[in-house]
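**Q** Okay, here's what each chain looks like letter by letter:
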Amino acid sequence: MKAKTIVTGILMLFVGLSVVYLIAGERRARSVKTQSRDDSAGASAAVGEATARSEGQPDSTAHQVVAFYFHGNTRCATCRAIEAYTEEALRSGFPDELQKGKLVWLVVNIEEPGNEHYVDDYQLSTRSVVLVEMENGNEKKWQRLDKVWELVRDKRAFTSYITENAKTFLAGA
Amino acid sequence: MSEFILAAGSALWLGILTSVSPCPLATNVVAISFIGSRVENSRLALLHGVLYALGRTITYVTLGALLVWSLLSAPHVSNFLQTYANKILGPFLVLIGMFLVGLIHVNWSGSDLGARVAQRFARLGMVGSVLLGITFALSFCPVSAGLFFGSLVPLAIRNHSGVLLPSLYGIGTAVPVVVFAVAISLGARSIGKAFERVTAVGRWARRVTGVVFIGAGIYLTLTYVFGVFS
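Chains as they are written, first to last, in numbering that gives the first Met the number 0: chain B, 0 to 172; chain L, 0 to 229.
Among the hints, a few may not be true.
Computed spacing ranges between beta-carbons, pair by pair [stated by the list, open to error]: (1) B:171 - L:157: 22 to 30 Å; (2) B:3 - L:40: 38 to 46 Å; (3) L:71 - B:107: 23 to 31 Å; (4) B:86 - L:186: 40 to 48 Å; (5) B:152 - L:64: 24 to 32 Å; (6) B:12 - L:40: 57 to 65 Å.
To give an idea of the chain L side of the interface with chain B (calculated C-beta under 10 Å), a few residues [to be verified]: (7) 16; (8) 124; (9) 127; (10) 141.
If you're looking for bench data, these hints aren't it; they were derived computationally from the structure.
In this text, a Cβ means the ideal position worked out from N, Cα and C, and glycines have one as well.
Just chain L, same shape as in the assembly (with noise of 0.2 Å):
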């Protein structure tokens, strides 16, 4: 039993070790500003945070139970995703963005700038978050498939647990991600507060994480499309 605790608190581990790395942080930061955008209510930034740690759980819990199963194989799956899932997900994060600070137009309607970037966010909501969770979860670089493939999934074949541990690393991936979603989401109130102006900041908020979009997307595109930076 303490040796399975053991492999619990390993996992958990591993997965905040993952999220702290530095490969995974252009879309950490998105994830943060997507999170954090919700100014005027902190406890939905916390309710979205939970639901994009759900979302990546779903992912690695997925894979976990495929791998503990011997349904699929480890080096096969992890470098499918390594070069697909990174190449594909910069432009689709630069669309996402565009649509977000209203440089796509998809049938909106109301006048005020402000209340339609909250509509588009709205319009993502809660499936948005679980959905980028689960995105972010699978676009795999070097460090994460390296923690996951190389230390997790042993880990999980050996205590035969194909569905609990993958999931607290899951968690343990969003958790540095969502406490900082959360204290920045507070922090910008609390501003917001001072200044008798919380729904101002929350709008640049909403604004400001299109933009992290666009350039997470960009930065994405250039390093894993052309090459840029590797």
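Next up, chain B with everything else stripped away, as it sits in the complex (with noise of 0.2 Å):
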């Protein structure tokens, strides 16, 4: 009976705490948010911004295509496999580009303040592999890659779908 009401005891405080570390936690994210609303830079300037710290020297010639990984705090294995298959994809596919800095490879956390435009600006629904193809360092046009989530489990499908996307984008079609 004793060891019954430890256990309950135990329990009952994991789940006290469990909810005042989730209500602090909220009001601590709402005040960032509040501080982080007026520094955050549309689109086009976060990826100007983001390509300047990239490995590559950025091309001065006009077109540019970068290509985005968004994750949120919370990885998944999936999330992870997801994120290095693309990767490897682009560096295998396109080594030169990335060297030139015209295809350029960045990894986002959309929960990190004054990254949550990305929500809107590219429509994310969840952690997302998304092409933007810029131009005079504006952007021309995005697409997000949806398809990565059913085509995971197949690496070579999945690779190759990248690649005929990275390709298309680059070609500027």
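Combine the two chains into a complex, taking the hints into account.
**A** Shown next, in the form of structure tokens:
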């Protein structure tokens, strides 16, 4: 009977603590959001800014493609696989373009302050791969590659899906 | 017509794909154990399985219809549910588990522990299975959100089908769970029969289910509230 009381006490404490932590976390997130609202830049500016921080030298000539992987604070095994397969497909398929900065690979946490605007910019319902075509620093078009969730179990199909779409974007079609 | 049959098959397949992906595993284990614990009567397990599928379908049809008719914005609903439903679900499952194993007392009578556990299950009964389906379908994880909002909803919009395709998707997400649950119930029943202890096995199955609820609840809370496994 005593053990039962202890277990009940511990579990109730756990539930109570998680509710308090949840509410406190929510209040914290809300205050950060209010602070960052004014700082957040538009999509094009953010792409330009992020490109400047990327590994390749940004190409001064007009055409550039940015491949985004958007994630949140909670990462799942399938999400990590999607990120890894996409990066692998781009690195093996377009090493020169990455080197020259014609193609840029960026991983962004949408739950970090200032990044929330991507949800509306690219209509993100979940962790997503998005290709953005830039011309003279302006966003020309974008596409969210939704099929990654269906194809993640078939790496070959996944790779060719990413490669084909990136190729189309790089060709500026 | 054949195009629509293809879309219907795709919707069902997307549902199955959702349920066999690793991220809804915790809630699937809870559902399997809840449905499969009706060891004394496997037909009852099947009935609860159907009710669970109905619950999931209710959620997807409601969301699907609202999205197809453009009454809701997919990214906002999806992010809201991914952020909050999982956070609330963890502590909630711990509490239900505590109720099921008898750590929380809610006005019960009778002295035998087995009978009390059975009584608690009976109280959560048919409506419980439907509610479990509705709630678990709402707790989107990245994979289920990707397949539902990224693949199923566009498919439903293309085919102007806000009800039928989401229903098939809902059934698809429940089928593997129900098959497993009924198989477990049948297996446990035959083991119980072999030892002439069907009632005792049933009693244990229900206690284990309560523990599974608590375990999954703790896991979900640690993951989504405290960010331990993220």
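**Q** Does each hint fit the structure? Answer for all of them.
**A** For each hint, the structure was consulted:
One distance hint, 22 to 30 Å for the beta-carbon pair residue 171 of chain B and residue 157 of chain L, holds here, with the actual separation near 27 Å. A hinted range of 38 to 46 Å is violated for the C-beta pair residue 3 of chain B and residue 40 of chain L, which are about 30 Å apart. Checked against the given bound of 23 to 31 Å, the beta carbons of residue 71 of chain L and residue 107 of chain B, roughly 25 Å apart, stay inside it. Evaluation of the 40 to 48 Å hint for residue 86 of chain B and residue 186 of chain L yields a pass: the beta carbon distance comes to about 43 Å.
At about 29 Å, the CB distance of residue 152 of chain B to residue 64 of chain L agrees with the hint of 24 to 32 Å. Between residue 12 of chain B and residue 40 of chain L the C-beta distance comes to about 38 Å, which lies outside the given range of 57 to 65 Å. The closest approach between the C-beta of residue 16 of chain L and any C-beta of chain B is roughly 7 Å, which is under the 10 Å cut-off, so the hint is satisfied. At about 24 Å, the closest approach between the beta carbon of residue 124 of chain L and any beta carbon in chain B exceeds 10 Å, and the interface hint on this residue is violated.
Look at residue 127 of chain L: its Cβ only gets to about 20 Å from chain B, farther than 10 Å, so that hint breaks. Interface hint at residue 141 of chain L: satisfied, since its Cβ lies 5 Å from the closest Cβ of chain B, which is below the 10 Å cut-off.
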